[in-house]
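K.L.:
Each chain, written out:
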Amino acid sequence: AQSVTQLGSHVSVSEGALVLLRCNYSSSVPPYLFWYVQYPNQGLQLLLKYTSAATLVKGINGFEAEFKKSETSFHLTKPSAHMSDAAEYFCAVSAENYGGSQGNLIFGKGTKLSVKP
Amino acid sequence: DAGITQSPRHKVTETGTPVTLRCHQTENHRYMYWYRQDPGHGLRLIHYSYGVKDTDKGEVSDGYSVSRSKTEDFLLTLESATSSQTSVYFCAISETGGLSQPQHFGDGTRLSIL
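Protein sequences appear in the order of chains A and B. For the first sequence, my numbering gives the first residue as 170, with consecutive numbering after it. For the second sequence, my numbering gives the first residue as 308, with consecutive numbering after it.
Hints are supplied without guarantee of correctness; some may be wrong.
[Unchecked claim] Listed next, the in silico DMTMM-like pairs over lysine to aspartate or glutamate satisfying Cα-Cα at most 25 Å (straight line):
1. A:K218 - B:E402
2. A:K218 - A:E257
3. A:K218 - B:E366
These aren't lab readings, by the way, just hints derived from the structure by calculation. Quick caveat: nothing in here was measured; it's all calculated off a predicted structure.
Can you build the whole structure from these sequences, using the hints too?
P.N.:
This is how it looks when you write it as structure tokens:
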């Protein structure tokens, strides 16, 4: 069964510093992986997705993530944090439902990013 | 932004009362989902639909029922609300439901059961 672990429920960085949010997955099949961002009182917005085309995936707002099969990881990074990046970030993996051709998302528990001025 | 509207956005009700949450989409997507979000748990799938009148259970379906009579509407019903169902509920849609397809989310309904 697929699962996702996000290391660190809270991460705090200074403005301009590197952002690194960690995600490890477990999957018995080649995974499809997603990062979402949630701003206060809003729904989840897709940042980027990995679908096996390239191991380094670029997303919106300057974020990117690298798929490392050997480490079963899909960590999210941004070279320079901005105050507007303060939000909660969720990693998710597609899980097969009956028949195997369609999937539901399994989410990690989220990492809340704070950015200090 | 995907055209997803959840209603109501906020609701306070009492234990034992029935509650229905509505999700309306204008994207004509086949798949629709209901999640609940609780601190420390991330999002957990309650039910999903893969077409009109076609629904299936998710991870935390006990105490919830759903209906989909039209492509654009997906209703979540708590037949007899309990305090443990206090949560933020999100609707999501996906064009085909395929493994590589992202889901797009509404802005949520904050439900408090006293």
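K.L.:
Are there hints from earlier that the structure breaks, and if so, what are their numbers?
P.N.:
none
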